[in-house]
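Chemist: To convert, note that position 28 of the sequence shown is 28 in this note's numbering; the numbers rise steadily by one, no gaps.
There could be a bad hint or two in this list.
Taking lysine-lysine pairs in the DSSO-like style, the calculated list, with each CA pair at most 30 Å apart, reads [said to hold, decoys possible]:
| # | residue 1 | residue 2 |
| --- | --- | --- |
| 1 | K47 | K114 |
| 2 | K29 | K47 |
| 3 | K114 | K29 |
Quick list of simulated restraints, FRET-style, between CB atoms [what the hints assert, rightly or not]:
| # | residue 1 | residue 2 | range |
| --- | --- | --- | --- |
| 4 | K29 | L124 | 40 to 50 Å |
| 5 | P74 | N35 | 50 to 60 Å |
| 6 | N64 | G24 | 21 to 31 Å |
Calculated from the structure, these hints are not laboratory results.
No residue lacks a Cβ here, since even glycine has one placed at the ideal position from N, Cα and C.
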Amino acid sequence: MSDGISEDVVGVLTERIEARFAMGMDQLKAAVSANPFANRDATDLVKWHGLLVQAQSVLEGAENDLLTALETQPSEVDDPTMGLAHRVNAAVTTRDGRAVIVRWLLDPDAPGRKGLAAERLARLRPRTGPAVPATAPHRSVGTPAPASAWRAGGPVR
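Hey, can you work out the whole structure from these sequences and the hints?
Modeler: So this is what it looks like as structure tokens:
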């Protein structure tokens, strides 16, 4: 059922990613795995490219299942075969949605990539380190202990 166009979606976007980072996808994946916080754009693109490739694979499987079912059908399509057709449509939608995200990530001038929208998006991203210090601050002598140091019977000694 594929006419070459759907494979080109993944191929074209892969080429654009490789050109942007001047390395092949395998090298880029390895670099992101080694240090995912070094370049947020690279990390996001590797993630969404992987999801795009996965969606393309699901689409190809759904198309093959539909073709097999259609080859055995009489003139009218039965309900299970229509279900396969709907599965293909859903897979196309998923693949195309992921392709749009990859294209958006590749375009630094895309709406939402600069200004207030980009600042809001950055606040939604997961933190790269602990939100609070992992060690207690040093207290000088004579500074009262925090309330958490008190037990039911009085201060901890």
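Chemist: Against this structure, judge whether each hint is valid.
Modeler: Taking the hints in turn, this is what the structure says about them:
1. Pair hint K47 plus K114 holds up; C-alpha atoms about 21 Å apart against a cutoff of 30 Å.
2. Distance hint between K29 and K47 is fulfilled; the C-alpha atoms sit about 9 Å from each other, no more than 30 Å.
3. Between K114 and K29, the direct Cα distance comes to roughly 26 Å. Compliance with the 30 Å bound is thereby established for this hinted pair.
4. In this structure the hint that K29 and L124 lie 40 to 50 Å apart at CB is violated, the actual value being about 24 Å.
5. The hinted range of 50 to 60 Å is satisfied by P74 and N35, whose Cβ atoms lie roughly 58 Å apart.
6. One distance hint, 21 to 31 Å for the beta-carbon pair N64 and G24, holds here, with the actual separation near 28 Å.
Hint compliance for this structure: hint 4 is the single one not met.
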